[in-house]
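Please model the complete structure; the sequences and the hints are all you need to start from.
As a plain string of letters, each chain reads:
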Amino acid sequence: MTSLKQFFRVCRTNIALAFEDEMAYKAAFFIQTLSLFLGDLVVPIVSTLIYSVSAGIPGWSLYEFILFQGTLIIVIGLWHMFFAGLLGETINSVKEGTFDKVLLKPFSSLAYVTSRGFDLDGIGEFLSGIAIVVFAMFKLKFALILLIPYVIAILLGALFEFSLTVIASSFAFIFVKTWRLYEFISALERFGRYPLIIYSEGLRFILTFGVPVAMASYYPASLLLGKESLSMALIAAIPVLVFFGIALLCWRYAMTKYSSAGG
Amino acid sequence: MSKFRGMFKTAAKENLAYKFDMMLTVILAPISIIIFYFLWKAIFLNNATGIIGGLTFEQIITYYVLTWLIAILTWTDIGDIISYDVKNGNITKNLILPISYLTHCFVYNLGSRFISLFVEAAPIVILSFIFFNIQIELASLPFFILSTILALLLNFLMTAVFALSAFWMTNNRGILKLKRVFVHFLSGAVLPLSFFPLAYQKISFYLPFQYLEYTPIGFWLGLYEGNQTFIMLGMQVVWVIIFYILCLLIWRRAITKAVSVGI
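Heads up: the sequence lines are chains V and Z, in that order.
All residue numbers for the first sequence refer to my numbering, where the first residue is 341 and numbers rise by one.
All residue numbers for the second sequence refer to my numbering, where the first residue is 24 and numbers rise by one.
Because the hints were derived from the structure by calculation, they are not lab data.
Be a bit skeptical, because a hint or two may be false.
Listed below are the simulated DSS-like cross-link pairs for lysine-lysine, each with C-alpha atoms no more than 27 Å apart in a straight line [as the list claims (entries may be wrong)]: (1) V:K366 <-> Z:K36; (2) V:K366 <-> Z:K202; (3) Z:K200 <-> V:K366; (4) Z:K200 <-> Z:K280; (5) V:K445 <-> V:K345; (6) Z:K280 <-> V:K366; (7) Z:K36 <-> V:K435.
Dropping the structure here:
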């Protein structure tokens with residue numbers, strides 16, 4: 341229990357450090373956050389343009405689709421803030437030989453490296469996602485109580501994104517230079533950018549039960565809008581947890597493979 | 024001239040070392056195209072007419088493949104290079120080269136694009152011809168090539184203008200990112216300009232953005248006829264000249280700034 345408490349203290353310190361780091365260049369941080377915020381606002385504009393010349397995606401009205409996209413931006417923002425730095429931290433510390441130090445800490449290596457990767461840049465995306473979702477909510481009708489499973493599903497979506505990063509980082513131990521794995525992750529995420537309805541039956545199944553990208557956007561938004569039932573979402577949560585388990589196993593395997601640069 | 028040839032060769036060789044990294048694009052691009060294919064298939068099925076925003080389904084897929092092609096052929100990392108060189112003081116080393124810093128960067132860029140043409144662009148186009156049935160207007164191919172070269176020049180100069188802000192700011196990542204998102208959107212790289220409101224379509228003729236993406240694509244699709252061909256190419260040349268002058272002016276001021284802080 342004390343070690344958990346200690347770990348949270350380390351997390352707090354790491355987050356505070358990240359803050360201090362960014363605050364050294366306040367203007368730059370402000371512009372960076374503002375640009376990420378504004379950059380994501382292009383997303384609903386694009387959807388509005390598509391819906392202005394067509395009937396859009398079957399079964400999804402314009403505002404429903406904007407809610408869907410805002411949800412995805414929230415998930416990506418959360419991932420960017422808390423989890424995305426893991427890959428960079430891993431690659432750099434393995435390259436520089438400082439990973440050995442991590443292994444000496446009295447915490448789980450994964451949790452520790454993740455906490456060091458905290459990145460304030462995600463705040464702009466996160467806020468932009470919230471703004472888009474709130475905007476869409478004003479135009480839509482939904483049961484308020486559904487906000488609870490909505491938020492839980494969003495957290496599960498972020499867990500899925502985290503799992504992907506853990507897997508990519510595990511590979512980083514085996515092939516040190518793997519920056520482009522990031523692009524593989526983002527290519528997979530692209531499948532989550534649109535409602536499942538556009539895909540074929542087989543693909544829908546894979547995106548829910550194989551690589552559960554659908555949890556990052558489709559399931560939270562569909563739950564809130566009543567397009568998917570709670571029981572279906574519960575079933576869809578299982579593959580996310582299994583995926584997370586696999587990611588943890590990958591990390592553990594990578595740890596056994598890790599042989600220091602000898603520094 | 025031999026100086027340029029030497030630099031071009033070095034850049035090409037350097038990039039050849041990353042050929043496997045580049046080939047990843049050949050896997051990633053089709054994933055994006057497949058998702059886009061599903062998306063538009065669903066939208067077209069949901070629509071009463073076979074034409075959306077003035078384009079047929081085949082044309083819109085061709086359009087999307089071409090946005091990839093143009094993005095690869097006109098790609099530049101001048102933004103990151105300038106920011107990095109200014110921050111680390113490398114810029115002083117480059118100032119003593121027998122040719123101007125920006126020319127040096129451009130020749131380097133050209134070398135890397137030459138390799139990409141074969142490693143990234145060609146396979147994507149061939150795959151798209153086989154699997155996505157993309158269309159081409161052969162008669163306008165020479166204009167497409169000319170227009171793409173002008174777009175590369177324009178993209179390089181425009182990015183350089185924004186990147187030179189590094190001389191005045193400690194961290195210009197935000198500005199570069201914002202520029203990327205908005206220019207990307209306004210150039211027609213996300214959606215064809217025919218999806219935009221009429222007012223923007225009219226104004227865009229006088230703005231530099233569409234000459235980065237929409238115009239070269241327009242040539243491939245055979246959208247321009249007779250005089251229009253030369254008007255569009257002429258506009259591209261005009262914008263290249265404007266940004267060239269802008270770049271020189273800012274560069275001159277930037278250099279005095281660099282000297283004044285003593286690096």
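Hints versus structure:
This hinted pair does not check out: K366 (chain V) and K36 (chain Z) have alpha carbons roughly 40 Å apart, beyond 27 Å. Only pairs whose Cα atoms come within 27 Å are accepted, and K366 (chain V) paired with K202 (chain Z) is accepted, the gap being roughly 20 Å. Taking the CA atoms of K200 (chain Z) and K366 (chain V), the gap is about 17 Å. The hint holds against a cut of 27 Å. With a CA separation close to 24 Å, the supplied pair K200 (chain Z) and K280 (chain Z) stays within the 27 Å bound.
With a C-alpha separation of about 14 Å, the suggested pair K445 (chain V) and K345 (chain V) falls inside the 27 Å cut-off, and the hint holds. Of the supplied pair hints, the one linking K280 (chain Z) and K366 (chain V) holds, its CA atoms being roughly 22 Å apart against a limit of 27 Å. Of the pairs offered as hints, the one joining K36 (chain Z) and K435 (chain V) holds, with about 25 Å between alpha carbons and a cut-off of 27 Å not exceeded.
In summary, the structure is inconsistent with hint 1 from the numbered list given earlier, while agreeing with all the others.
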